[in-house]
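Undergrad: Since the structure of chain S is already known, use the hints to place chain G on it.
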Amino acid sequence: MKQNHITDLLDKEPLASLSEQELAAIREHVKNCTACAGAYQAAQLSELLVKERVAEITEPSPFFHTRVMAAWREQQATNQGSVFARWWKPARALVSALALTTAALAALTFTIPESASQPAVETIAESTVLGVENEGQMTEDQMLSAMYVDEEEAP
Amino acid sequence: MQKASAQDDAAFAEIVSRYSPRVFRVASRFFRQRSLVEEAAQEVFLKAFTQLESFEGRGALEGWLTRIATNTCLNMIRASKRRPEMTAADLNEEQMDWLGHKQSMLAGEEHRSTENRVVAADLAERLLETLSAEDRLAVTMIDGEGASVKEVANTTGWSESKVKVRAFRARKRLREAMDKLLKRAG
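One line per chain: the protein sequences are S and G, in this order. 40 is the number that numbering that gives the first Met the number 0 gives to position 41 of the first sequence; each next residue is one higher, with no gaps. 71 is the number that numbering that gives the first Met the number 0 gives to position 72 of the second sequence; each next residue is one higher, with no gaps.
Bear in mind the hints are in silico, worked out from the structure with no lab data behind them. Keep in mind it's a predicted model, so treat the numbers as computed, not measured. Every residue gets a Cβ at the ideal spot worked out from N, C-alpha and C, and that includes glycine. The reader is advised that the hints may include incorrect statements.
Said to hold, decoys possible - To give an idea of the chain G side of the interface with chain S (calculated C-beta under 8 angstroms), a few residues:
| hint | residue |
| --- | --- |
| 1 | 9 |
| 2 | 11 |
| 3 | 14 |
| 4 | 28 |
| 5 | 36 |
| 6 | 41 |
| 7 | 99 |
| 8 | 100 |
| 9 | 119 |
| 10 | 143 |
To be verified - Below are the PhoX-like pairs computed for lysine-lysine, each with C-alpha atoms no more than 20 angstroms apart in a straight line:
| hint | chain 1 | residue 1 | chain 2 | residue 2 |
| --- | --- | --- | --- | --- |
| 11 | S | 11 | G | 171 |
| 12 | S | 11 | G | 149 |
| 13 | G | 46 | S | 50 |
| 14 | S | 50 | G | 171 |
| 15 | S | 11 | G | 161 |
| 16 | S | 11 | G | 163 |
| 17 | G | 163 | G | 149 |
| 18 | G | 161 | G | 149 |
| 19 | G | 171 | G | 161 |
| 20 | G | 161 | S | 30 |
| 21 | S | 11 | S | 50 |
| 22 | G | 182 | G | 171 |
So that you can see chain G by itself, here it is in the shape it has in the complex:
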């Protein structure tokens, strides 16, 4: 029993070491706060190891862990039920400046500085928080990471048409929210 337990410990430690970067990458799509990313990653590893028997060995362990990580994060976001509406009044001065300099942003010059990237990521997070967890995932993977519709479908278990609908809806909401902000900031 002790031997089995020690073997489990070693196997678990190995899986955590090897796949932590991947799981953190997935959790970072959903959460920006380190504590939340770590909480999600921990839950993923504990869940994965207790369900290890259900891993049939088809495909890579990494893909299986990615699916568990995605579903775990989706559930965490659903449970938190955070979908605040965003208004220009919610933005801080830096974010308003960022929007004010939108032309140079689009030219790909100004946003490259580290400080501006942080402001942009802050603003992006505020916008993404207004989406449902599923819409957020679709637009983050496709528009942000350049994943194909098929890849998102494989990761989530959704149909390809569902992925397309989710991404379409997310883009529309983000665009409309940004349009409102630009009008108020401009």
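Only chain S is shown next, with the shape it has when bound in the complex:
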């Protein structure tokens, strides 16, 4: 009967951890069960192999430290690049808006018709020739002529 076989017992724990009672039951069973005898031998061998494999440990080579330090510095350099990228992402919209505004202003400056700006230029040139410093301020001569005109026009 299957429940009397010892394979579950073999797989339950490492063989060295089984109790004396359990080991005795296994030994007793394998005397009369060829299948379980084979399974017991296979369990012993596979456990032995796992132990052999675990005993084999790769030690760090003398170059490992240098190699890992180089990789660390490379990662740091990459991270610094990504810090700029993190800063740039939210700032990109603002910088783009500023660039667009500047471009729009430049375009307006150069594309406005000359006639629209002519009077202003002429006024400035006239003021300069006449010696008028400010648009709203009258020169002394202008004030006198204005006064005489008022007197001549008076009855």
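TA: Chain G only, in chain S's frame:
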């Protein structure tokens, strides 16, 4: 900034020097090829140092690094998806001889020579490669290193019952694979 960077460099170098043997020991459970062990160890240190802020200082740094190393190696094995089925036809002559002399192996005599140990480790690796990464870890730590179920649970973050199930399943698979090999070799 440069000062901070120099301090980081010094701290990183110190951690690598102090804990390399431990990390290599963990990586050796999973990989036999030196290049793979070193690749895993390097990834562990880079990952650990970038996550250093998440180390809360509870327990030893070594334990924290061991957990990172274990998870990193598990992920590397999962990514490689190597779980070849093993048959007697895959074995070389030396491995077949090793199995042929199984009785003296079990008596603990013949396998002690260096050459035989290498053959045994080769064969063990072939068998362990057929397991899932998790099953392999459980059986390697418990049966190979003598760790308790609780220790494996602490290292992996699994429940103790999960560790027991993994180890049970691994032993069963290894035993069945070995049984087949013995029948064909014998």
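Undergrad: Hints first: check each against the structure and report whether it holds.
TA: Each hint tested on the structure:
{"no.": "1", "hint": "9", "verdict": "violated (11 angstroms)"}
{"no.": "2", "hint": "11", "verdict": "holds (5 angstroms)"}
{"no.": "3", "hint": "14", "verdict": "violated (10 angstroms)"}
{"no.": "4", "hint": "28", "verdict": "holds (7 angstroms)"}
{"no.": "5", "hint": "36", "verdict": "holds (4 angstroms)"}
{"no.": "6", "hint": "41", "verdict": "holds (5 angstroms)"}
{"no.": "7", "hint": "99", "verdict": "violated (12 angstroms)"}
{"no.": "8", "hint": "100", "verdict": "violated (11 angstroms)"}
{"no.": "9", "hint": "119", "verdict": "holds (4 angstroms)"}
{"no.": "10", "hint": "143", "verdict": "holds (3 angstroms)"}
{"no.": "11", "hint": "11(S) x 171(G)", "verdict": "holds (9 angstroms)"}
{"no.": "12", "hint": "11(S) x 149(G)", "verdict": "holds (16 angstroms)"}
{"no.": "13", "hint": "46(G) x 50(S)", "verdict": "violated (30 angstroms)"}
{"no.": "14", "hint": "50(S) x 171(G)", "verdict": "holds (16 angstroms)"}
{"no.": "15", "hint": "11(S) x 161(G)", "verdict": "holds (13 angstroms)"}
{"no.": "16", "hint": "11(S) x 163(G)", "verdict": "holds (8 angstroms)"}
{"no.": "17", "hint": "163(G) x 149(G)", "verdict": "holds (10 angstroms)"}
{"no.": "18", "hint": "161(G) x 149(G)", "verdict": "holds (11 angstroms)"}
{"no.": "19", "hint": "171(G) x 161(G)", "verdict": "holds (15 angstroms)"}
{"no.": "20", "hint": "161(G) x 30(S)", "verdict": "violated (34 angstroms)"}
{"no.": "21", "hint": "11(S) x 50(S)", "verdict": "holds (17 angstroms)"}
{"no.": "22", "hint": "182(G) x 171(G)", "verdict": "holds (16 angstroms)"}
Against the hints set out earlier in the document, violations occur for numbers 1, 3, 7, 8, 13, 20.
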